[in-house]
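Dock chain to chain to rebuild the complex, using the hints, since each chain is given by itself in its own frame.
In order, the protein sequence lines correspond to chains A and B.
Mapping of the first sequence onto this note's numbering: residues 1 to 258, in sequence order.
Mapping of the second sequence onto this note's numbering: residues 1 to 258, in sequence order.
Among these hints, one or two may not hold up.
Short derived list, chain B residues pointing at chain A, Cβ under 7 Å [unchecked claim]:
| id | residue |
| --- | --- |
| 1 | MET84 |
| 2 | LEU103 |
| 3 | GLU106 |
These are computed hints drawn from the structure, not numbers from a lab.
No residue lacks a Cβ here, since even glycine has one placed at the ideal position from N, Cα and C.
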Amino acid sequence: MAEASLPRILAAIPKGAWLPLGLLAAWAIAAGSGVATSPLFVSPLEVLRVPFADPDGREVWASLGASILRIAGGGVTGALLGLILGTLCGLSRVASLGIAPTINTARQIAVFAWIPLFTAWFGNGETTKLVFTALSTFFPIFLATERGIRSTPKALEEVAQALGLPLGKRLLRLYFPAALPTIQVGIRIAVLSAWIGTIGAEYAIGNGRGLGSFIASARDQFRMDIVLVGVFFLAVGGVALNHGCERLFAVLFPWAKE
Amino acid sequence: MNTPSAALSIGRVGKSFNLNGTHREILRDVSFAVSKGEIVGVLGASGCGKSTLLRLIVGLDKEYSGRIAVSGEETKGPNRNVAMVFQDHRLFPWLTVAGNVGLALEALDLSAREKAGRIRHYVDLVGLSDYIDAYPKQLSGGMAQRAAIARALVSEPNILLMDEPFGALDSLLRLRLQDELLRIWDRNNISIVIVTHDIEEALYLGDRVIILEANPGRIHSVIDVGLDRPRLRDDPHMASLKRQCLELVLEPSARVSS
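For reference, chain B alone in the conformation it holds in the complex (with noise of 0.2 Å):
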């Protein structure tokens, strides 16, 4: 899987710092690998480190050991084939949702009328059309998070890290927005990475299942989800997955309480 043709690469990947004197380590010997087009879910309690994963893999933080490469290439810090969505979505609330959609533009060579069109066309690709020239304010909860989805993806990156994106929203419109993402994913071929804690989003969405175990994180397990696409949120094989999951998910934690 570790071939220098996977999308993204995590080698041995560790985080720890020290806090008032006392070391903390975040994640440890984290190894995994995307194929292009591959959507993979991790899961895992709170605290263990796969929101920090997701940080170290977009740039956002470069203090770490092990080695990240994307489509072959080591990087450290932003990449602009990598892209990321923030559980709030965390819009400009100066800029319209066509300013907020063309931010992803504004380091990219492109001319005026080639950005214009980008941004219309990855606008109506989240269903945004009507609203391309609102404030987020006007915006719902869902909507704005569409709006930023269309922020990662408009620069075209070769990877979408997401960070339980869907968290903050109702379970309908939870729903509702995992199978438009299928559906953009579908069009696009572009590989996903999404954190979550929902196990049955992991299991919907994912082409695999990551399981971190908590202090330090590291790779419990992993599941292969083996399931054609569209899935049924119903199907039988899915049901037993789930509950596979849930005695991985909850085994580390009992042994941390105990």
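So that you can see chain A by itself, here it is in the shape it has in the complex (with noise of 0.2 Å):
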């Protein structure tokens, strides 16, 4: 009986997950066989019990909780600002001659360059942090949108302009419906990067709540559990981030589905 619904276990099994399992139980074995015994490698039974019943590893709940306060508070304020920008560049070559080259040169600083710079200006709290996770969200928004607004079809816009339609009723019925596939391929890189940069600014400042300073501050007490247990958090935070993204799409823009 068991050996007959073994394989059908295994079968039923992704091909995709056959990677991740079998590391997993060469893990599992490496601590359990005593083969590695430095006291920075801990066995996955000591991980998984982190969140729920060590004292420092419970932490880890309100640390999530907090980055993702952040990454919402700072993501939305980047993502307006290269909404309105990026609309302002697509429609009018003026602002774009003004503002895209400026835009585009401090886009090649390496995001992580600007910390030592927010830090002498806003300090070492809070208010860096947003800074920093609303610049990483603003970027890829604001490209986006001003490439989606300018392929607006010139056949569309005539036709606008011929029925006489107000900017107001021009963006909404027509500029950010043409916009917006490209648009939402600027979210998704967003939703990476913001989450990229809220974790690496909470991990380079180092105080405060945050998955970032909760990685941070485990590895300056040796507890590779709890740097364990970070690291995975801050996996399914990115992958739940971007699938509430999509879900989030299909709601709203029902007909933008290939």
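Here's what the structure looks like:
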């Protein structure tokens, strides 16, 4: 009976899951057999109990919440700025010539190079983290919006012009819908870079709540089990944000499905 | 003919521009008037500026010399009394038939109920009642062009400009839409200027046919059709007019190529 169902269970495992499961097994075997005996090497079971049983490890939930709030606050600000400036530059050649070169040059600076400047300007606290998250969201949204608005078909622009549509209606009925597929790509990239930006800023600055500072302080205390939990939450958080965005698109823009 | 009572009067209109340093004259000294409820066909070889003429009248291009007046009042730029149907339907892919037709009402001061009523009326008029909630990609070419005609008519303009509106359709469908256009025209008492390269279409629809010659575009001759409606497509008088048109249309282009 057991022999009959085992192949079936194995067959039900998706092909993409084999590699992580294999690595997990190797990790468990290495920890259980005593091959690896460094104090920095912890077993998967120990890691598993950290978020629930360990007093320091339980902090991970609050840290996750703090990071999500941060990405929401900074990300939405950066996204709105990117949308507004991107729309302006997409619509107006003058605005594009005036603003876009500065933004495109600033974009070439690796985002983490801004951290020393931001800490000097905004201090070692919340403001710097929010500004940093906003910045890493801003660039992809700005670029996508500008390109999307500019790619609006000329033929449809002429229709709007001949019908005498006022600017507000034109944005709502023509430019945003035309730009939406491009903006969606930008949002996908922005969500990822905002998440990395948030965690990175928390990690680099180190104080306050958040997954980044959670990992940083665990590393300072040589708590590898807690570091691993933090990394796992970071990955799951990223995947969840990505999925949340896709769901939101599907609800908001049902006609935009490919 | 060039009286203030004319629905549309074109007075000595000229259009030229510089292309890479060379001066190109597209239209020279074009003058004609369209009275209320009249249908005027505009015939000409490609490159004679007939599409340009319509773009000037509808206000997509404001750089020209001469005078264009609607109901006796000079106009430059989009005018709510003038609507245009393009060769390609130019429907917004993200809006339904109702949404696309409703676009033409966005700039008008109407209540939501009035708008909905008008949209339904004109969608019915072009025979698309069953497709009022369909998206453009769900429509055939003929249905899409009908929706475009509804969009042009819904604001109840005095003048309907049509730029080879049936040119992209197969010949049977073209004949049917010509008859539908006449049926709608009969109800609305609207003036129509229809640009076409199809001599039979111009003669079947038009009260008069203006023949343009090219380089620069100017009026070569005007033919009075002088037949009562409903017309027979195989009317002997029509056949002789067609022969006459053919000679006139071919004559200038023969001169160009020699």
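Violated constraints from the hint list, given by number and in increasing order = As far as the earlier hints go, not one is violated by this structure.
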